[in-house]
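Colleague: Taking the hints into account, I'd like the entire structure generated from these sequences.
2 protein chains.
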Amino acid sequence: MTTEHDQDVELLRELVQREAWDELPEQFDKLHVQDISEVLSGFDPVQVKAAFDVLPRELWPGVFAYLGPESQYALLQSLEEDAEEGRFLLGSLLPDDRTALLESLSEEAVERLLRLLSPEDMKQALKQLGYPENSAGRLMTTEFVTIRPEWTLQRALDHVRTRGESEDTINTLYVTDNRGRLMGTVGLKRLVLNPKDEPVENLVSDSAIVSITASEDRAEAARMIQHYDITALPVVDKTGVLLGVVTVDDVMDVVEQENTEDFHKIGGMGAMQLSLREARPSLLYRKRVGWLVLLVFMNIFGGAGIAYFEETIEAVIALVFFLPLIVDSGGNAGSQSATLMVRALATGDVRMKDWLRLWGKELAVATGLGVTMAVAVWGIGLWRGGAEVAMVVSLAMVMVVIVGSMIGMLLPFLLTRMNLDPATASAPLITSIADICGILIYFSIATVLLGVGSG
Amino acid sequence: MTTEHDQDVELLRELVQREAWDELPEQFDKLHVQDISEVLSGFDPVQVKAAFDVLPRELWPGVFAYLGPESQYALLQSLEEDAEEGRFLLGSLLPDDRTALLESLSEEAVERLLRLLSPEDMKQALKQLGYPENSAGRLMTTEFVTIRPEWTLQRALDHVRTRGESEDTINTLYVTDNRGRLMGTVGLKRLVLNPKDEPVENLVSDSAIVSITASEDRAEAARMIQHYDITALPVVDKTGVLLGVVTVDDVMDVVEQENTEDFHKIGGMGAMQLSLREARPSLLYRKRVGWLVLLVFMNIFGGAGIAYFEETIEAVIALVFFLPLIVDSGGNAGSQSATLMVRALATGDVRMKDWLRLWGKELAVATGLGVTMAVAVWGIGLWRGGAEVAMVVSLAMVMVVIVGSMIGMLLPFLLTRMNLDPATASAPLITSIADICGILIYFSIATVLLGVGSG
Numbered sequence: 000m001t002t003e004h005d006q007d008v009e010l011l012r013e014l015v016q017r018e019a020w021d022e023l024p025e026q027f028d029k030l031h032v033q034d035i036s037e038v039l040s041g042f043d044p045v046q047v048k049a050a051f052d053v054l055p056r057e058l059w060p061g062v063f064a065y066l067g068p069e070s071q072y073a074l075l076q077s078l079e080e081d082a083e084e085g086r087f088l089l090g091s092l093l094p095d096d097r098t099a100l101l102e103s104l105s106e107e108a109v110e111r112l113l114r115l116l117s118p119e120d121m122k123q124a125l126k127q128l129g130y131p132e133n134s135a136g137r138l139m140t141t142e143f144v145t146i147r148p149e150w151t152l153q154r155a156l157d158h159v160r161t162r163g164e165s166e167d168t169i170n171t172l173y174v175t176d177n178r179g180r181l182m183g184t185v186g187l188k189r190l191v192l193n194p195k196d197e198p199v200e201n202l203v204s205d206s207a208i209v210s211i212t213a214s215e216d217r218a219e220a221a222r223m224i225q226h227y228d229i230t231a232l233p234v235v236d237k238t239g240v241l242l243g244v245v246t247v248d249d250v251m252d253v254v255e256q257e258n259t260e261d262f263h264k265i266g267g268m269g270a271m272q273l274s275l276r277e278a279r280p281s282l283l284y285r286k287r288v289g290w291l292v293l294l295v296f297m298n299i300f301g302g303a304g305i306a307y308f309e310e311t312i313e314a315v316i317a318l319v320f321f322l323p324l325i326v327d328s329g330g331n332a333g334s335q336s337a338t339l340m341v342r343a344l345a346t347g348d349v350r351m352k353d354w355l356r357l358w359g360k361e362l363a364v365a366t367g368l369g370v371t372m373a374v375a376v377w378g379i380g381l382w383r384g385g386a387e388v389a390m391v392v393s394l395a396m397v398m399v400v401i402v403g404s405m406i407g408m409l410l411p412f413l414l415t416r417m418n419l420d421p422a423t424a425s426a427p428l429i430t431s432i433a434d435i436c437g438i439l440i441y442f443s444i445a446t447v448l449l450g451v452g453s454g
Numbered sequence: 000m001t002t003e004h005d006q007d008v009e010l011l012r013e014l015v016q017r018e019a020w021d022e023l024p025e026q027f028d029k030l031h032v033q034d035i036s037e038v039l040s041g042f043d044p045v046q047v048k049a050a051f052d053v054l055p056r057e058l059w060p061g062v063f064a065y066l067g068p069e070s071q072y073a074l075l076q077s078l079e080e081d082a083e084e085g086r087f088l089l090g091s092l093l094p095d096d097r098t099a100l101l102e103s104l105s106e107e108a109v110e111r112l113l114r115l116l117s118p119e120d121m122k123q124a125l126k127q128l129g130y131p132e133n134s135a136g137r138l139m140t141t142e143f144v145t146i147r148p149e150w151t152l153q154r155a156l157d158h159v160r161t162r163g164e165s166e167d168t169i170n171t172l173y174v175t176d177n178r179g180r181l182m183g184t185v186g187l188k189r190l191v192l193n194p195k196d197e198p199v200e201n202l203v204s205d206s207a208i209v210s211i212t213a214s215e216d217r218a219e220a221a222r223m224i225q226h227y228d229i230t231a232l233p234v235v236d237k238t239g240v241l242l243g244v245v246t247v248d249d250v251m252d253v254v255e256q257e258n259t260e261d262f263h264k265i266g267g268m269g270a271m272q273l274s275l276r277e278a279r280p281s282l283l284y285r286k287r288v289g290w291l292v293l294l295v296f297m298n299i300f301g302g303a304g305i306a307y308f309e310e311t312i313e314a315v316i317a318l319v320f321f322l323p324l325i326v327d328s329g330g331n332a333g334s335q336s337a338t339l340m341v342r343a344l345a346t347g348d349v350r351m352k353d354w355l356r357l358w359g360k361e362l363a364v365a366t367g368l369g370v371t372m373a374v375a376v377w378g379i380g381l382w383r384g385g386a387e388v389a390m391v392v393s394l395a396m397v398m399v400v401i402v403g404s405m406i407g408m409l410l411p412f413l414l415t416r417m418n419l420d421p422a423t424a425s426a427p428l429i430t431s432i433a434d435i436c437g438i439l440i441y442f443s444i445a446t447v448l449l450g451v452g453s454g
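For the protein sequence lines, the chains are H and Y, in the order given. Going by numbering that gives the first Met the number 0, 197 is the number at position 198 of the first sequence; the sequence numbering is gapless. Going by numbering that gives the first Met the number 0, 56 is the number at position 57 of the second sequence; the sequence numbering is gapless.
Heads up, some of the hints might be wrong.
Where chains are identical, the list cannot tell them apart; a pair therefore holds if satisfied intra-copy or between any two copies.
[Said to hold, decoys possible] No more than 30 Å apart at the CA atoms, straight line, and that leaves these computed lysine-lysine pairs for DSBU-like:
{"id": "1", "residue 1": "286", "residue 2": "360"}
{"id": "2", "residue 1": "122", "residue 2": "48"}
{"id": "3", "residue 1": "29", "residue 2": "48"}
To be clear, the hints were calculated from the coordinates, so they are not data collected in a lab. These figures come from a predicted structure and were not determined experimentally.
Modeller: Next up, the structure:
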C-alpha cells in the first residue's frame, strides 16, 4: 500500500505540474478519489479545470466532494460558462458537504450557487444555513432512511431496498412515530440477522435515545459520538422530530479543526481555519500581531518594575545576570501548567468543580519544582555573586515558580467560569504575567535581604 | 437529552459517593453503559467493586469495557478471590480493548491476567502484544467476518447470519482468497441491496485496496481512515493476509491521545498517557522537571551574555528597563511560529519539501511583525531613555522578532529531518534560545550605537 501508492500520488502531482493532460487518465485509474482531490487542491483553478476535463465523468462527484471549499468554489467559477456542469457537481454533493461549501462563501457567491440547485435542494440548503455557525445542524446530513415501529422486518428491508440505493449510509435505520419523532435506531445488521416476520419495535432498545438538538455546538456532537462509541448521531428539533444525522467522519474533521484552533490559541495566536501552507503572509501577520503588540504593552509594566528597583540594581549589578533566568523560569512553569489545564478542560478530563483539588495538587508539584530549580541555581549564584546573591536567587526561584504555576493553573479556570475560551490563556500571556510577578518578587527579595535600594 | 440526562449522571455520582448501593440499580436503568463507566472510573476500586455487585450481570461487559485500563485492572484485582468473575469480565472484552489493558500493565500483572483467559484468547493476546508499541497491530480487533469471491450473495448472507451474532461489526465484510489474502471489501448494504444469485466478486471494486500492515504506526492508521473517509481499515501482514481491522472509534481515541501528547510537548513537558485528574503529583513533577532544569542551564548563557556587556549596562542603566520586553518579544514570536509549524507537520498540512517556500513566507511575516512592534516601542523608548535608546530598542526589536521567528520555524523542520519528534521544539525551548539571541543582539546594538562598554 504505502511506497508504491505514494509514488503514484507523486507522479500525478508531477503530471499536473507539467500539464501533461493526456497522461492523467491512466494515473487516475490507479488512485482513489481522495488522493486525486488532495493532489488537485494544491493547484490553481485553471489547472484543476483542465484536470477535470480529462477526469472520467463518474469520478467527478467523488473528487469534487473532497476538494475543500476553496478549490470547489474556484472550480465552479471556472465552469461558469457551462451551468450544466456546475449544476451537476453542486447537486452531487451530500447536504452536509454542500453546507460546508456554502457557509465559507460570501453572500453573493452563495446566492449565485443556490440558483444552480433544484428547488428542493435549495430549500434544504437554506434551512441548514439557518442553524447557528458551528452547530450540529450545519454539520448534519439530511439523507437518512426512516422506518416505522409497527412494520415487520421484511417490510423494513423492502423499504431499505427501494430507498437505500440513493442514500449514502443505511447501516443505521431510524425508527420514527407518525409525527417524525425519533423513537430509536436499528442497525442494518440486526435487521438482517433477525426473523423476517418480527415487528421493528422488538428491535428498538429501551434505553434512552442518544441524540442532539440541531442548535447545539458541533463540538458537543463530537464528544457524544466519541463518548458513546457510535458512528452516527441523530439530530432532532426541540420536539424530538428527526432532522438529520451527524456521522463520525464529519466529526473527526471537527475534532482535528478544534484541536488546531486550541493549539494556535495556546501558542498566542488567533485561530486559523486556513492551512499554514495555503494562508497568505497578510493573514498570518494579522493572526499573530494582536497578541504580540498586546504583550509589548504588558511588558512595559515589567520595565516599570525594574525602574522602581533602579537603586538596588545599581548597588548590586550582578542581580541583572540572573534576571532572564528567574523571569523565564516562572514563565516556563506557568506555561506548563496552563497547557496541561487547557488541554484537560478541552478533552473534558477536568471540570470546574475539580479546581480545589487540582489547586492543592498543583501547589505541591510547583513547590517541588521550585525547590529543585533553586538547588540548581544556588551554586551558580554562589559562584557569580557570593553567598547573599545565591540566597536571593534561590529564594526568588522557589517563589517565582510557585506563583507562575498558580497563575498558569487558575487563569484557564477563571476564563471558563466567565464563559470565555480557556485556550485564550495562551503560553505567551502566562509568560508575560509571570514575568512581571517574577521581576517584582526577585527585586523585592533582593532589596530586603541585601538591605539596599529604594524598596 | 442534555440537562435531564446530565442530572441522572450527577445523581449516580452522588449515590456512589454516599455508598447508597440499594438505590443504584434504579439509576443504572436510566443510563448508558458509557455513562456508568465514566462515573465509576472516578472512584476507588472498593467502591467500583461494590457498584459492580449491584450492577445487572448483563451490563458487566459493557460497563467494564469503557472503564479504562487502570480501573479495569484494579477491579480485576479486587475480584481476585473470585476467579470466575474475573475470567468472565476479561473474556468479555474485545481483543483490541484487551490488548489496550494488557499493554498498560507490568509483566507480572500481564502473566496473572493471561492465566484467566481461554487458550485461544491467550494465544491471540500474546500475538497482538508481539507487535510494536503504538502499531496498527496492537490497535486492531481480530474479530471480523470474511467471505469468498466465488460465493453467491445468498451464501454470503447465510454465512453472515451464522457468524454475525458473535461479531461486533459486520457492516463491512472482507473478501479473501484461499490463503486468507485480502482481495477487497463489500459493505453489508450492498449485500442486502443486490440480487441474491450474483457472485460476491461482482461487488468487489477494482480500485486498489486500502489497507495497512500490522507493524505500521497507529497514527498512520488514523490518517488513512480520515483521508479515505472509511469506518474500518483492514490490517494485513507483508504477504497481504488479513489479520484484523482498525475501527474508527479506536482511531478517534488515538487522534485525541496524540494531540494531547503534542500539546504537552509544545508546552515543554514529557507526554503523559495519564489524565491530569488521575496523575499523582510525583508523576506530574517528573514530567515537568526535566525541561525546567534544562532551561535553567540554558539561561546561564543568557546571564553570561549580560555579564559580557556589564560596562554597557553600567553606562546606560535605562537599557535594563527594556531587557524583559526585547527578550520576551523574540521568544513570543518564536513560539508562535514553532506552534504553527509543529501543528502543521502533525496534521500533514506541511511536508519537508515545503520548507524553502515557508521560510520565505515566514521571513516576510516576521519582518512585518518586527516593524510593527518596533513602532510600538519607539515612543516608550523615547520617553524613558531619549532618542538614542529609542533607536537601539526599535532596531533590536525588529532583529529579535525576525531571529526568534526563524528559530521557531526551522527547529521543528530540523528535528523532523533528524527523525525526531518536531513537537520537542517546545515553546519554552524556543523562548530560551530566542532569549539568549535577544540579549546578545540587544546589547551588541547598544554597544555599537551608544559607543560605550566592553563590546
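Colleague: Hint by hint, say whether it matches the structure.
Modeller: So, going through the hints one by one against the coordinates:
1. 286 to 360: Between copies, since 14 Å is at most 30 Å while 35 Å is not.
2. 122 to 48: This pair counts as within: shortest intra-copy Cα distance 29 Å, inter-copy 55 Å.
3. 29 to 48: within (20 Å within a copy, 55 Å between copies)
When the structure is compared with the earlier hints, no violation turns up for any of them.
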